[in-house]
Amino acid sequence: MMRILHVFAVCVLLVAVAVAQQAPPPAQVSIQEVAQGLPADGSRWLTFGGNYENHRHSPLTQITPDNVSRLKQLWTFQTATLGNFETTSLLRDNVLYVTGPQNLAWAIDARTGRQIWRYRRELPSNLTACCGLVNRGFGVLGDKLFMTTLDAHLIALDIKTGAMVWDSTLADYKTGHASTIAPLVIKDKVIVGVAGGEYGVRAFIDAYDAATGKRAWRFYTIPGPGERGHDTWAGDSWKTGGASVWVTGAYDAEQNLLLYGIGNPGPDYHSDSRKGDNLYSNSLVALDADTGKLKWHYQFTPHDVHDWDATEVPILADLPIGGQTRKVVMFANRNGFYYTLDRTNGSLIVAKPFVVTTWAKEIGRDGRPVLLPGHVPDEKGEVTCPDLVGGTNFYPPSFDPATRTFFVQSRETCMTFIAFKPEYVPGERFTGGSGQRVPASQSPAWGAVRALDPTTGALKWEFKFLSPSTSGILTTASGLLFSGDADGNLIALDSRGGKLLWHYQMGATLHGTSPITYMVDGRQHLLVPSGTTLTAWVIE
Amino acid sequence: MTWRLLSTVVFAWTLSGPVLQAQTKNLLEGNPDAILAGMAGFRLRCADCHGTDGRGVRGPDITQVWSSGRSDEGLFRIIRSGIPGSEMPAFIAPRTSDREVWQMLAYLKTLATPASTDPPRGNAENGAKVFRALCYTCHKVNTTGGRLGPDLSRIGTARTRDVLVARIRRGAEDFRTGFEPVTITSADGKPIEGVKKNEDLFSVQIMDTRERIQGYEKDKVKAVENGKKSAMPVFGPDRLSDSDLDDLLRYLQTLRGFDPTVKQQ
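Residue numbers (our numbering), protein chains in the order written: chain L, 1 to 540; chain E, 1 to 265.
Just so you know, these hints were derived from the structure itself, not from any lab.
Model, not experiment: these values are computed from the prediction.
One or more of the hints may lead you astray.
Stated by the list, open to error - List of simulated lysine to aspartate or glutamate pairs, DMTMM-like, C-alpha gap at most 25 Å:
hint, chain 1, residue 1, chain 2, residue 2
1, E, K25, E, D98
2, L, K72, E, D98
3, L, K187, L, E122
4, L, K421, E, E217
5, L, K464, E, D53
6, E, K228, L, D487
7, L, K187, L, D167
8, L, K499, E, D200
9, L, K380, E, D98
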């Protein structure tokens with residue numbers, strides 16, 4: 001009898017667990033859900049980088065190095081419009097929330113790929129937006145999704161219907177402002193920034209009340225008169241200095257600190273137009289999340305003249321360095337150097353090139369690059385490595401906390417940079433130069449996924465590509481790395497050694513973004529944005 | 001006046017004022033002052049995307065726009081109205097005047113067709129015969145000829161005489177994309193020679209010497225070897241006299257290409 005009762009009790013427990021698993025989550029997305037990052041059950045992906053630390057590393061283990069070659073397509077979603085995905089989709093309660101090019105967005109059934117709703121915001125006919133009419137993803141809180149727009153607004157959509165709830169203007173798009181960044185939701189605020197560095201804007205990071213859309217604070221990335229750092233801009237150059245913000249930063253909850261990478265100074269290439277260090281261009285800034293006040297900054301490339309925005313994705317972790325645990329931020333920069341900084345104060349711990357760099361000998365103990373001569377562009381042109389696209393770029397890297405490995409898309413490229421004095425006209429491009437590709441016969445361009453030890457910057461392994469890729473990276477706890485090459489191949493590598501495990505020709509690159517992964521109906525899904533398509537994969 | 005004609009005129013007027021409908025050719029082409037002014041305008045407005053040499057950075061290579069069939073008038077219109085749904089903006093009046101657009105096109109033309117250092121000479125009629133005898137197997141002009149090498153229907157307007165002479169006399173020192181020589185050794189050891197049309201880490205697509213286009217998976221063939229020398233043979237004076245070379249170049253310079261799509265426009 002006892003045995004029967006025992007079996008009965010186990011059955012009741014199993015049913016209870018099954019019901020609990022099937023029960024839908026609360027209708028409102030809580031800030032605790034957002035802050036939790038990627039849960040072990042794979043039921044959510046609610047922020048750009050998976051968690052506030054931007055690890056882009058999933059705890060899921062159903063897809064493994066042994067079975068990854070059995071991945072099969074479940075469905076494909078097409079945008080049916082011009083332009084490519086650069087988005088990181090969000091997932092909750094078996095529904096995907098996806099932003100696309102041309103101010104489009106969708107809610108999609110994660111089981112079937114079928115559209116639930118579609119949102120479209122009409123583009124102004126005279127829109128000027130560099131560089132691609134794209135968007136990098138939603139933020140979410142409560143019953144609202146938050147999306148930046150190409151005409152420089154932040155909007156909130158009803159998560160159930162896609163109807164607009166509120167609309168806040170960030171800046172005037174006619175002066176070259178735009179916004180493509182995925183919002184980051186912290187407490188009750190939505191954090192965004194503006195693009196437009198190629199149009200002579202003075203950029204900023206903003207926080208908005210998630211409920212009402214009212215602006216809570218603004219941090220100008222170029223200090224105004226009387227503010228510290230203003231004197232790093234000669235004359236009136238601060239008014240048109242760019243320093244845009246178009247890639248989502250990280251959040252250190254313990255310190256209540258936002259960490260955002262800032263874009264290049266404008267005009268991009270013409271040194272004499274803006275003498276000085278040009279703070280806070282090409283910097284990582286640490287802001288109080290409640291007030292937007294600057295706590296510290298680290299400038300990777302003072303007075304940049306090669307368009308090397310520091311708009312790469314910062315990743316946070318606590319690492320054992322020098323016999324103690326350090327709270328660090330990891331940052332692979334467009335200028336070709338990899339950095340590990342102390343995120344409590346911005347001091348430099350590690351700086352090492354991860355690609356060939358010809359402009360700086362090293363990063364000095366004072367944190368400033370030790371410049372090599374002959375790398376200030378002029379009318380004749382000068383050859384510098386890396387090229388303007390950089391040693392890496394906004395393509396999200398990944399971090400595996402178990403192996404303490406930083407994975408980055410790396411580009412081996414050089415370019416002839418040319419500069420000339422520009423004229424500022426509101427709404428027109430203001431770059432003061434350009435670049436010319438170095439012929440492949442003189443300097444072939446190629447790329448690699450590289451695995452770095454963030455405590456030293458040393459290379460653990462690399463997987464080489466024929467040409468430089470622009471894809472982001474996703475890793476999983478099962479030891480997988482997913483990325484793409486420049487020829488449209490979706491690639492799966494062994495994240496512990498870099499061995500090629502599987503590949504599939506998608507027909508377009510995974511430009512500027514990576515796959516994400518989650519669970520639906522007990523199966524681990526891999527969602528791959530590529531060109532104008534989203535494709536879901538499962539193990540058959 | 002038909003509705004179609006009327007709407008065309010109204011459209012043209014809307015885009016750029018009365019000058020555009022009257023001007024279909026760039027009257028400033030070759031004008032040194034206009035070219036200099038155009039260079040300044042090009043660098044300010046175009047170079048960031050298209051490169052200071054026009055060969056493309058963020059945007060596409062625009063040095064071959066004429067040789068690929070575009071007209072002065074069509075290019076003027078693109079600059080004026082932009083390309084909807086792309087990053088190509090509209091450069092509208094009065095901020096950018098008609099004259100400035102024509103100046104920029106005059107400058108771009110100098111990037112597209114470097115000035116020849118040699119006056120035209122030779123007999124085009126005989127040049128056509130030389131072409132048929134020596135070039136026809138691999139190169140096509142005006143829809144006939146081989147496909148292994150590049151189509152030469154517009155080469156005479158896209159390259160200077162000096163460049164063409166160097167290519168013919170000394171062979172090609174580099175490879176144009178899509179024409180890189182490659183040899184694939186099949187699983188059974190058979191060599192397949194051709195030119196590479198595309199390649200990634202896992203596969204290569206070629207046109208073989210019989211003009212068969214075919215893809216090969218790298219893990220299913222024995223070897224894929226890139227050639228170090230172009231398939232373009234060297235034609236020294238022993239194979240092609242100076243006189244025949246002049247005739248051949250003259251013939252190529254008379255060609256203006258053949259594109260039914262462009263003609264319909």
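Given the hint that K464(L) pairs with D53(E), test it: the Cα-Cα distance must not exceed 25 Å.
violated, 30 Å
Holds or violated: K499(L) with D200(E), Cα cutoff 25 Å?
Between K499(L) and D200(E) the Cα gap is close to 17 Å, so the pair holds against 25 Å.
Between K25(E) and D98(E), is the straight-line Cα distance small enough, at 25 Å or below?
holds, 13 Å
Holds or violated: are the alpha carbons of K380(L) and D98(E) at most 25 Å from each other?
violated, 29 Å
Given the proposed pairing of K421(L) with E217(E), does the C-alpha separation stay at or below 25 Å?
violated, 50 Å
Need the status of pair K228(E), D487(L): alpha-carbon distance at most 25 Å?
holds, 23 Å
Between the alpha carbons of K187(L) and E122(L), is the straight-line distance 25 Å or under?
At roughly 31 Å apart (the allowed maximum being 25 Å), E122(L) and K187(L) break the hint.
Proposed proximity, D167(L) with K187(L) (alpha carbon, max 25 Å):
holds, 20 Å
25 Å Cα cutoff - pair K72(L), D98(E):
Cα-Cα ~56 Å, so violated.
When held up to the earlier numbered hints, the structure conflicts with 2, 3, 4, 5, 9 and fits the remainder.
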